[in-house]
Amino acid sequence: MKKLKWGILGTATIAVEQVIPALLTSEFNSVIAIASRVKSKAKLVAERFGIPTYFGAYEQLLNMDEIEAVYIPLPNHLHVEWAIKALQKGKHVLLEKPVGMNAQEAKVLMEASVQFPQLKIMEAFMYRFHPQWKKVRQLITKGSIGKVTLVESSFTFFEDNPESIVNSKEYGGGSLMDVGCYPISVARLIFGTEPISVMAQMEVDPKLQIDASTSGILEFKTGRALIHSSIRQFENQTLKISGEKGSIEVAVPFNPEADRESNLVLKNQEGVTDFTIERCNQYVLQVDSFAKAISNEFALPISLSESLANMKVVDALKESDPAEKKIYLSK
1 MKKLKWGILG TATIAVEQVI PALLTSEFNS VIAIASRVKS KAKLVAERFG
51 IPTYFGAYEQ LLNMDEIEAV YIPLPNHLHV EWAIKALQKG KHVLLEKPVG
101 MNAQEAKVLM EASVQFPQLK IMEAFMYRFH PQWKKVRQLI TKGSIGKVTL
151 VESSFTFFED NPESIVNSKE YGGGSLMDVG CYPISVARLI FGTEPISVMA
201 QMEVDPKLQI DASTSGILEF KTGRALIHSS IRQFENQTLK ISGEKGSIEV
251 AVPFNPEADR ESNLVLKNQE GVTDFTIERC NQYVLQVDSF AKAISNEFAL
301 PISLSESLAN MKVVDALKES DPAEKKIYLS K
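Counting from 1, one number per residue, gives the positions in the sequence shown under the UniProt record's numbering.
Read the hints as simulated data drawn from the structure, not as lab findings.
You may find that some hints are simply not true.
Unchecked claim - The calculated SDA-like cross-link candidates involving lysine to any residue, where the alpha carbons are at most 20 angstroms apart (straight line), are:
hint : residue 1 : residue 2
1    : K107      : E81
2    : K147      : S168
3    : K142      : I277
4    : K245      : G223
Unchecked claim - Have a look at the derived ranges for each label pair, beta carbon to beta carbon:
hint : residue 1 : residue 2 : range
5    : L226      : G271      : 21 to 31 angstroms
6    : V272      : K5        : 42 to 52 angstroms
7    : T273      : S295      : 31 to 41 angstroms
8    : K245      : S40       : 23 to 33 angstroms
9    : K5        : K207      : 42 to 52 angstroms
10   : K39       : P301      : 17 to 27 angstroms
11   : L44       : V265      : 17 to 27 angstroms
12   : K245      : K2        : 42 to 52 angstroms
13   : P301      : I217      : 36 to 46 angstroms
Note that CB positions come from ideal geometry on N, CA and C, so glycine has one too.
Hey, can you work out the whole structure from these sequences and the hints?
So, in structure tokens, the structure goes:
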């Protein structure tokens, strides 16, 4: 299998700290170009990683015939626009989450992608590729905790810099878009279906007009999920799956460190069982899976229809928060 040649649109932290190193570590991928609207930023990243070509405009990168795939870690409001432009230039696309600003944008992208059946496009929910989820699914499937009735999940970190894109309403910031999409995704994954109703309570920053924190309830046919996200709380993430006969807790559900083993705990009538999952880099597994899907022409593990479904839940949670009941941060 020859290496897939990548171009990177943007110099976001997630690209520099995680995805570019993953692509360079992978035996199936290579990075041959990077672009930024500020050319000096692209140059710095190119020099740091030994990327041979850099540009001061995204269009220039997309015009490179040698590039076969692009990774897009741009701010949320630019995701769909540049994903479509990349498809039009004949590039496969790995698009950072969330797939767009809302479900309508996700639908536009999905409809546009139909015109390019030979190209692959996937939302970069990297956690889905970690082997700990295979173990979780195995335990649930074999009935270790009985029927799942409750999923409790949270993802938080602290960022109050008004210049940060996660605090920009225009750029699609806020806790629900940035990290709340993970608990939503994992709840849908575990129940294996879509929620039938949702409700949320948001804590809104009065100056920035983004949700600093969101707590929500997702009702499924067989149970419910309690989710929480915040960009005004200490960095933390949790996941507990409760069933009629037991529970599963995942220590670090979304971004476990690549150089450490992962852990999950099963509690049921037979006692407490600790499981240790081998060390791995889920970002490498993600880009490897993407490259193999292209080379072997099989379906990607995360389809755009699934990404659209996740965005529908995000939208519904936003709409369910009653304006008169919002709790505003003190000025």
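Do the hints match the structure? See the list:
In summary, the hint linking K107 to E81 is supported, as the alpha carbons are separated by about 12 angstroms, within the 20 angstroms threshold. Taking the CA atoms of K147 and S168, the gap is about 41 angstroms. The hint is violated against a cut of 20 angstroms. Between K142 and I277 the alpha-carbon distance is near 18 angstroms, which keeps this suggested pair within the 20 angstroms criterion. Between K245 and G223 the alpha-carbon distance is near 14 angstroms, which keeps this suggested pair within the 20 angstroms criterion.
Between L226 and G271 the Cβ separation comes to about 26 angstroms, which falls inside the hinted range of 21 to 31 angstroms. Here the CB-CB span from V272 to K5 is close to 48 angstroms, well matched to the stated 42 to 52 angstroms. Hint check: T273 to S295, Cβ distance near 38 angstroms, so the stated range 31 to 41 angstroms holds. Checked against the hint of 23 to 33 angstroms, the pair K245 and S40 fails, with Cβ atoms roughly 58 angstroms apart.
A C-beta distance of roughly 44 angstroms is found between K5 and K207, which places it inside the suggested range of 42 to 52 angstroms. For K39 and P301, the hinted distance range of 17 to 27 angstroms is not satisfied, since their beta carbons lie about 35 angstroms from each other. In this structure, L44 and V265 break the distance hint of 17 to 27 angstroms, their C-beta atoms being roughly 43 angstroms apart. Under the hint 42 to 52 angstroms, the C-beta atoms of K245 and K2, about 49 angstroms apart, fit the expected range.
Evaluation of the 36 to 46 angstroms hint for P301 and I217 yields a failure: the beta carbon distance comes to about 28 angstroms.
Hint violations for this structure: numbers 2, 8, 10, 11, 13, all remaining hints satisfied.
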